[in-house]
Amino acid sequence: MIRAFAQAFRQMRRNKAMTVASIFAITAMLFILGLFFSVMVNVESAAEAVKDDYNTIEVYLVDGTTKETIAADQEAVSAWDGVEAVHYRTRAEAMKIMKERWGKSGYLLDGLKDNPLPDSFVITVGSLEKADAIAAKARALKGREDVRYYKDTVGKLLRVTRFIRIASLIAIAVLLVIAVVVVANTIKLTVLNRAREIAVMKYIGATNWFIRGPFLVEGLCLGALSAAIASGVIALLYKRLQAHLNDQIQMILQIPMVDAHTLIINMIWIFMALGISVGIWGTILSMRRFLDT
Amino acid sequence: MAMIRFDNVTKNYRSKKGLDGVSLEIEKGEFVFIVGASGAGKTTFIKLIMKELDADEGRIIIDGRDVTKLSSREIPRHRRSIGIVFQDFRLLPQKTVYENVAFAMEIVRARRRQIRKRVPAVLSMVDLSDSAGKYPAELSAGEQQRVAIARAIVNRPGILLADEPTGNLDPDTAWEIMNLLDRINTFGTTVLMVTHAKNIVDKMGKRVVTLEQGRVAGDVRGGRYHAAPHPENGIYFDPAPAPGENRGKR
Numbered sequence: 001m002i003r004a005f006a007q008a009f010r011q012m013r014r015n016k017a018m019t020v021a022s023i024f025a026i027t028a029m030l031f032i033l034g035l036f037f038s039v040m041v042n043v044e045s046a047a048e049a050v051k052d053d054y055n056t057i058e059v060y061l062v063d064g065t066t067k068e069t070i071a072a073d074q075e076a077v078s079a080w081d082g083v084e085a086v087h088y089r090t091r092a093e094a095m096k097i098m099k100e101r102w103g104k105s106g107y108l109l110d111g112l113k114d115n116p117l118p119d120s121f122v123i124t125v126g127s128l129e130k131a132d133a134i135a136a137k138a139r140a141l142k143g144r145e146d147v148r149y150y151k152d153t154v155g156k157l158l159r160v161t162r163f164i165r166i167a168s169l170i171a172i173a174v175l176l177v178i179a180v181v182v183v184a185n186t187i188k189l190t191v192l193n194r195a196r197e198i199a200v201m202k203y204i205g206a207t208n209w210f211i212r213g214p215f216l217v218e219g220l221c222l223g224a225l226s227a228a229i230a231s232g233v234i235a236l237l238y239k240r241l242q243a244h245l246n247d248q249i250q251m252i253l254q255i256p257m258v259d260a261h262t263l264i265i266n267m268i269w270i271f272m273a274l275g276i277s278v279g280i281w282g283t284i285l286s287m288r289r290f291l292d293t
Numbered sequence: 001m002a003m004i005r006f007d008n009v010t011k012n013y014r015s016k017k018g019l020d021g022v023s024l025e026i027e028k029g030e031f032v033f034i035v036g037a038s039g040a041g042k043t044t045f046i047k048l049i050m051k052e053l054d055a056d057e058g059r060i061i062i063d064g065r066d067v068t069k070l071s072s073r074e075i076p077r078h079r080r081s082i083g084i085v086f087q088d089f090r091l092l093p094q095k096t097v098y099e100n101v102a103f104a105m106e107i108v109r110a111r112r113r114q115i116r117k118r119v120p121a122v123l124s125m126v127d128l129s130d131s132a133g134k135y136p137a138e139l140s141a142g143e144q145q146r147v148a149i150a151r152a153i154v155n156r157p158g159i160l161l162a163d164e165p166t167g168n169l170d171p172d173t174a175w176e177i178m179n180l181l182d183r184i185n186t187f188g189t190t191v192l193m194v195t196h197a198k199n200i201v202d203k204m205g206k207r208v209v210t211l212e213q214g215r216v217a218g219d220v221r222g223g224r225y226h227a228a229p230h231p232e233n234g235i236y237f238d239p240a241p242a243p244g245e246n247r248g249k250r
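The listed protein sequences correspond, in order, to chains A and B. Residue 141 in our numbering is what sits at position 141 of the first sequence, and the numbering runs on without skipping anything. Residue 59 in our numbering is what sits at position 59 of the second sequence, and the numbering runs on without skipping anything.
With the rest of the complex left out, here is chain A (with noise of 0.2 Å):
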C-alpha cells in the first residue's frame, strides 16, 4: 500500500505535464456536470414545492362577504366528494405567507397602505381525479370572486422538470463517459511508458494488482483532485449566484434557491465519489491489455 502511494506520486512528479492535463480535463468535466447537477437541484426543489399547489384549490372571497356565509360555504365544500380540508384563510393570514415566501424582499410588502389580499379557502383535494369537479363546483360558490386552480401549470412544470431531469441525467452519463476516458488515456500513457517494466514485472512474478497499485493510486488521486477543484468551483460560484439572484428568484418564483451549504456538501460527496470511480475505472479500462499475459 505504501509503496503503491510513494509509486504514484513518483509518477505524478515525473509526468507533470500529462497529470496537469487529465486534472484539468477531469476538473473541466466534473465542473460541467457541476452545472447540471445545480440547475437540477433547484428545479427539483421547484417542482417539489410546487407540487403541494397541485392537490390544493383557492377560492378567493367577495370583499365583504359575511361570516354566515363564509361559515355556510365553508361546511358545503367539506361535504363535497373528494374533499379533504378546507381552510378559510383570512387576507392578514395570506399576506404573512406571501412575506415569507418574499424572503428578505419581503419588508417592500410593509409600504403596502392596505392589504390588497383577499380572504379565500384552500381546498386541499384528496382524490385529484375529483379536482376537476371541484373545481367546477367552487365556481358556483355565492361568495367567490376567483377560484385558483393550478392543475394545468403545474402540470406542466411537472413535464419541464421531468424533461430537464432526464435530459441533466443523459448529459451526466455523457460526460461520465468521457471523463472516464480522459482518464483511461493520460493513465494509458503512462502505463506505455512504463510498458517494459510492467512486462519486467510480470516476468518476476508479480501479481496483476501488485502491478496494478500504484496506476489505481494515480488515478483515485486525479480523479480526488479534480473532485476537490471542480467542487471549489462550483461552490464559489454557486455562492455568487445565490448571493446576487436569489431575491429575484423568490420574488418571481416564490419559492428559494436550494441552500448553497447543502448542496455543496452533497456535491462534494457525489463528485468524490465519481472522481474517485472514474480515476479507477479509466486505469482498469487503460490496464487491461497490458496485464493480459
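By construction, these hints were calculated from the structure, which means they are not laboratory data. These figures come from a predicted structure and were not determined experimentally. Think of the CB as a built atom: it goes at the ideal place given N, C-alpha and C, for glycine as much as any other residue. Some hints could be false.
To be verified - In the BS3-like style, the derived pairs of lysine-lysine whose C-alpha atoms are separated by at most 27 Å in a straight line are: (1) A:LYS16 / B:LYS134; (2) A:LYS104 / A:LYS67; (3) B:LYS17 / B:LYS134; (4) A:LYS188 / B:LYS47; (5) A:LYS188 / B:LYS206; (6) A:LYS142 / A:LYS67; (7) B:LYS47 / B:LYS69; (8) B:LYS47 / B:LYS16; (9) A:LYS130 / A:LYS142; (10) B:LYS203 / B:LYS28; (11) B:LYS69 / B:LYS95; (12) B:LYS95 / A:LYS16.
Claimed, not checked - Sample of chain A residues at the chain B side, in silico, Cβ under 10 Å: (13) PHE9; (14) THR207; (15) SER277.
On the provided structure of chain A, position chain B as indicated by the hints.
Structure of chain B alone, referenced to chain A:
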C-alpha cells in the same frame, strides 16, 4: 523426476507453427542449450515455460506441476519459481543496481530484513558489490547482464531461463557471463539457455537441443551447435558424442 517436461506440445500461430509435437525432458540441475535458426520455435519454447503463451496441445510439466492447467491467478506464483535473463537485460533504469535486485524480492513480498541480507550476497556473487548504488546507465553491458542474472536468481528459482544472454556482449564479457551461469548451474539450478553463439555452445560441452520449424531436430549431450543438418546424412551431427547418448534425427 524431470524438472521440465514437454509431452507432445504443439503451439500454432495464425500463419505458422510455433512448436509441433515437441516432447522433451530436462532433468533437475541440467544445463541445456536450445539452438536453432530464427523462427525455429526457441522463443515459443521459453514463452510456454513462462506460461506467457498457452499450448494448443500436449502437456508441459514444470517441477511436477502441469503448467497448461494453471489459472491466471496461479501464473505469478509459477513465474516466481523461474528466473529469466534477456539479451537486452531489461533492467529498470530509474532504479539502482541494488533496487533492481531487491525489486524482485519485493514482488514476492519478502521481508525487508531478508532483502537486506540476500541482495548484497547475490551482488557479491556476481561481483557487483561495489556498484550497488549505481544506475544501469552507468554500467557496462556485461555488468548490466550480471545485474539481470542477480535479479533472476535472488529468489532462488529452480530454473534459470537465459534468452540469448550473450547476444549483446563482446566475446570476453560473454565468457564471463557463461562462467557465471555455469557456476549457478553447479549450485543445482537448472539452466536453459537459448543462443546463437556457436563457439559458446561448442566449448561448453553441455546438452544441446536443436529446434527446427517447431520440432526437436536434435538432442545431444555434450554436443555442438549445428545450425543445419549434415549435408550427407541429414543428421544434426555430433562428431564426439558421449557414449550412450542420443542423436537427433530429422
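The hints, checked one at a time:
no., hint, result
1, A:LYS16 / B:LYS134, "holds, 26 Å"
2, A:LYS104 / A:LYS67, "violated, 35 Å"
3, B:LYS17 / B:LYS134, "violated, 43 Å"
4, A:LYS188 / B:LYS47, "holds, 25 Å"
5, A:LYS188 / B:LYS206, "violated, 45 Å"
6, A:LYS142 / A:LYS67, "holds, 13 Å"
7, B:LYS47 / B:LYS69, "holds, 15 Å"
8, B:LYS47 / B:LYS16, "holds, 16 Å"
9, A:LYS130 / A:LYS142, "holds, 21 Å"
10, B:LYS203 / B:LYS28, "holds, 22 Å"
11, B:LYS69 / B:LYS95, "violated, 35 Å"
12, B:LYS95 / A:LYS16, "holds, 20 Å"
13, PHE9, "violated, 14 Å"
14, THR207, "holds, 5 Å"
15, SER277, "violated, 25 Å"
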